[in-house]
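For reference, each letter of the sequence shown is one residue, going 6 to 297 in the working numbering.
Be aware that one or more of the hints could be misleading.
[To be verified] DEER-style ranges, computed between Cβ atoms:
1. ASN294 / ASP115: 52 to 58 Å
2. GLU7 / SER172: 36 to 42 Å
3. ALA179 / ASN265: 28 to 34 Å
4. CYS226 / GLY128: 25 to 31 Å
5. SER73 / ASN294: 31 to 37 Å
6. GLU282 / PRO18: 56 to 62 Å
The set of hints was computed from the structure by calculation and includes no laboratory data. Since this is a predicted model, take the numbers as computed values, not measurements. All C-beta atoms, glycine included, are put in the ideal place defined by N, C-alpha and C.
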Amino acid sequence: VEGDRTIVEYKTPVGAIKTVVLYDESMRKAGISITHIEEHAIKSVADYAPLGYIFENARVEPNYEGYSEFSEYVGDRGLAVAFISLAASPMHLIQRELVPLDQFFYHMYDHPVELEKFAEQIGTYWNRVFDVALESPAEVLFLGANYDASVTYPPFFEEQIQPWLSSFADKLHARGKFLLTHTDGENLGLLRHYLASKIDIADSICPRPMTKLSFKEVRNCFDDKITIMGGIPSVSLLKSSMSDSEFDAYLDEFFQSIGNGGHLILGISDTTPPAAEFDRLMKVAKESNNSA
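Turn these sequences into a full structure, and let the hints steer you where they fit.
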């Protein structure tokens, strides 16, 4: 550790990998909890081999006691969801964590065969993660996050993410468990792939005006096959984004579109902003109770 930077070097029989992550005071003050990757693991195609070696040889250790402790803390106030990974699949992990996003697409174009082989190596680790997760006492498990029509575009999602979500969902469903995935981005073109992925809960659905799809469009597509968690866009709680009259009109339209309210866990997507108008939050709660 050097100040706010954590520097790690991984040495393997087939090469070394170095990463640098930053978590400084300004991030802590802003409430940021995820570190910033200053130096990614992949700098060139030569890094696939040592990284592949690491994933093929990595052990997966369960932490069921930690989950049970958290579940007891939550109690009957809610449902404790077991977290697996923000990446939903091996290729999604490469895109999210191991290489800068712009460089990822160059790697896809310049080294497709090598990249696919590397993803297969990560896949052996991914399956070990699934095996441990399936034995968890949790009823709902969280896998995958932050999809977006421009980054995890529909053909990419269908080929590289959907099969992994679907496979894990089948295994969970066979045990009476449920799959939650974090769908907070631009979902235009992705909704049918969520259905094909057999997910049970689409967390943080964030509709218009923050994205292109209205809540009603998402609702109609899911047709009670997927439970929506969220639904109220965070900007609607800010007077700088919506006037009072616009907010009232938006709420009227929203609650008209929820139907009987089934398969909906109402919430603010992606999260309630620090500058949110508390009166607006209370109005959402009041309208929700009236609708119920």
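These are the hints, each one checked on the structure:
no.: 1; hint: ASN294 / ASP115: 52 to 58 Å; in the structure: 56 Å, holds
no.: 2; hint: GLU7 / SER172: 36 to 42 Å; in the structure: 41 Å, holds
no.: 3; hint: ALA179 / ASN265: 28 to 34 Å; in the structure: 29 Å, holds
no.: 4; hint: CYS226 / GLY128: 25 to 31 Å; in the structure: 30 Å, holds
no.: 5; hint: SER73 / ASN294: 31 to 37 Å; in the structure: 33 Å, holds
no.: 6; hint: GLU282 / PRO18: 56 to 62 Å; in the structure: 58 Å, holds
Hint check: no violations occur; every hint is consistent with the structure.
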